[in-house]
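Chains as they are written, first to last, in our numbering: chain Z, 618 to 746; chain L, 2 to 225.
Certain hints may be false.
Unchecked claim - Ranges between beta-carbon positions, derived for each pair:
id : chain 1 : residue 1 : chain 2 : residue 2 : range
1  : L       : Q117      : Z       : R638      : 51 to 57 Å
2  : Z       : E670      : L       : A211      : 37 to 43 Å
3  : L       : N185      : Z       : A691      : 32 to 38 Å
4  : L       : V88       : Z       : G697      : 48 to 54 Å
5  : Z       : R696      : L       : G91       : 46 to 52 Å
6  : Z       : A692      : L       : E213      : 33 to 39 Å
7  : L       : E120      : Z       : C719      : 51 to 57 Å
8  : L       : Q117      : Z       : A691      : 52 to 58 Å
9  : Z       : E670      : L       : L210      : 25 to 31 Å
10 : L       : E30       : Z       : A727      : 17 to 23 Å
Claimed, not checked - Which bits of chain Z does chain L cover? Going by a derived footprint, with three or more residues having C-beta under 8 Å, they are:
id : stretch
11 : 620-633
12 : 659-671
Unchecked claim - Not everything, but these chain L residues come out facing chain Z in the computed CB check (under 7 Å):
id : residue
13 : S12
14 : V13
15 : I15
16 : Q16
17 : I17
18 : Q22
19 : E26
20 : E30
21 : Q34
22 : G101
23 : C104
24 : C136
25 : E196
26 : A197
27 : I198
Everything labelled a hint here was simulated from the structure, so no lab data went into it. Given the structure is predicted, the values throughout are model-derived calculations rather than measurements. Virtual Cβ for every residue (Gly too), placed ideally from N, Cα, C.
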Amino acid sequence: MHEYSIAFQIWQSVRKAAGERGGGRVLSVSLEIGALNLLEDEQLSFWIRALAERDGSADVQLNIAHLSGRIECAACGARGEPGLPAGVVDHFVPPPLACRVCGSRDVRIAGGRELRVVSAEIQTEQSNG
Amino acid sequence: MRLFETTEKGSVEIQIDEDIQAKQEELAERNRQVFRERGIRAFDITGSVGAGKTSLIAEMVQRLSANHGVAVIAGDVATTRDAERVVGRGARKVLQINTGGMCHLDAALVHRAVGQLPESGIDVLFIENVGNLICPSYFSLGVEARVAVVSASEGAHVIEKHPAMFQSADLVVVNKVDIAEAVNVDLSQPLADLEAIRPGITAVRTNCLAGEGIDEVLRALNLG
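Produce the entire structure from the sequences given, and follow the hints as far as they go.
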């Protein structure tokens with residue numbers, strides 16, 4: 618639901634970096650997104666493309682690498698990817714997180730909240746010539 | 002900074018390596034510093050539409066205004082109704098942030114609003130987040146504590162269904178306890194879910210319209 622504001626910040630970051638190198642049309646953007654941000658790829662891509670198009674970078678290609686969630690269990694100390702509590706199915710709402718080892722839901726998020734703009738490919742006049 | 006040519010069509014790949022999440026944290030830290038410098042204790046009040054965030058704030062403002070300079074920032078999608086409801090309860094300043102389409106407040110929006118507060122005389126700030134139990138949990142505002150408000154009429158499973166919000170909260174207020182029976186909700190269920198997700202977190206039962214439980218909320222926030 619908050620994909621637009623995230624897309625806006627991603628595009629601002631790309632535009633600033635591109636501007637510092639003399640601008641030019643952005644051809645592709647590479648992102649790393651942690652699973653526990655619960656961002657929906659399709660919505661996020663839609664908004665980044667819409668913002669890019671407004672700035673003259675229509676048809677920007679998005680390369681999204683997904684990073685898995687990692688939790689630390691406060692009950693048994695286990696670390697690793699989160700599981701789901703017994704009887705819970707993963708669907709539209711953010712699922713409750715649970716320890717895969719002991720089943721406790723008292724867990725801390727240790728990773729998977731990354732939201733990194735890694736790189737962008739920019740068309741340049743210089744390399745055209 | 003790596004900068005190299007990658008294709009024949011005349012393009013360069015630039016490394017950016019910017020973490021948007023880390024940037025959000027930096028902005029929240031900037032707010033924390035402003036609050037510290039100005040001696041303001043700030044609280045983020047989150048919860049669904051209709052949970053009772055505004056009623057809770059209005060009641061807290063009324064009790065605190067004799068001894069504190071209280072300000073309220075109300076985040077809303079399109080109206081000034083929330084701000085109107087706390088004007089007249091003793092707040093020194095009430096600001097409304099209309100978020101347009103945004104489903105949460107973020108640290109940058111709060112920073113801009115804080116800039117509009119009177120330069121002195123404010124020592125307590127309540128920030129009413131947009132009515133939403135999902136998105137605001139991912140955005141830190143730089144406050145002293147987050148209070149998540151739920152109400153009996155949201156059903157017995159409201160906490161279990163929105164774990165991220167309750168994992169990020171410091172205090173939980175269970176409001177409208179007076180109508181739990183009428184809407185056939187046994188409050189021991191959400192409280193048990195809360196205990197499973199956040200063992201030991203304080204949960205206060207309130208009936209904000211009647212002013213019940215408000216003093217306990219203030220004590221839990223070290224404001225009482």
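Results for each hint:
1. L:Q117 to Z:R638: 51 to 57 Å: Given about 37 Å between the Cβ atoms, the range is violated.
2. Z:E670 to L:A211: 37 to 43 Å: violated (53 Å)
3. L:N185 to Z:A691: 32 to 38 Å: holds (33 Å)
4. L:V88 to Z:G697: 48 to 54 Å: holds (51 Å)
5. Z:R696 to L:G91: 46 to 52 Å: At roughly 48 Å between Cβ atoms, G91 of chain L and R696 of chain Z fall inside 46 to 52 Å, so the hint holds.
6. Z:A692 to L:E213: 33 to 39 Å: holds (34 Å)
7. L:E120 to Z:C719: 51 to 57 Å: Since E120 of chain L and C719 of chain Z have Cβ atoms about 52 Å apart, the given range 51 to 57 Å holds.
8. L:Q117 to Z:A691: 52 to 58 Å: violated (40 Å)
9. Z:E670 to L:L210: 25 to 31 Å: Violated, at about 49 Å.
10. L:E30 to Z:A727: 17 to 23 Å: With a Cβ separation near 20 Å, E30 of chain L and A727 of chain Z satisfy 17 to 23 Å, so the hint holds.
11. 620-633: Holds, because 7 residues of the stretch 620-633 of chain Z bring their Cβ atoms closer than 8 Å to Cβ atoms of chain L.
12. 659-671: Violated: only 0 residues of the stretch 659-671 of chain Z have a Cβ under 8 Å from chain L.
13. S12: holds (5 Å)
14. V13: This interface hint holds because 6 Å falls under the 7 Å limit.
15. I15: Nearest chain Z Cβ about 6 Å off; hint holds.
16. Q16: holds (5 Å)
17. I17: holds (5 Å)
18. Q22: Because about 4 Å separates Q22 of chain L from the closest Cβ in chain Z, which is inside the 7 Å limit, the hint holds.
19. E26: violated (10 Å)
20. E30: At about 16 Å, which exceeds the 7 Å cut-off, the nearest Cβ of chain Z leaves the hint on E30 of chain L violated.
21. Q34: Constraint on Q34 of chain L not satisfied, violated at 21 Å.
22. G101: violated (10 Å)
23. C104: The hint holds - C104 of chain L has a Cβ within 7 Å of chain Z, the shortest such distance being about 5 Å.
24. C136: holds (4 Å)
25. E196: Hint violated; E196 of chain L Cβ to chain Z Cβ min 9 Å, cut 7 Å.
26. A197: Holds, because the Cβ-Cβ distance from A197 of chain L to chain Z comes to roughly 5 Å (cut-off 7 Å).
27. I198: holds (5 Å)
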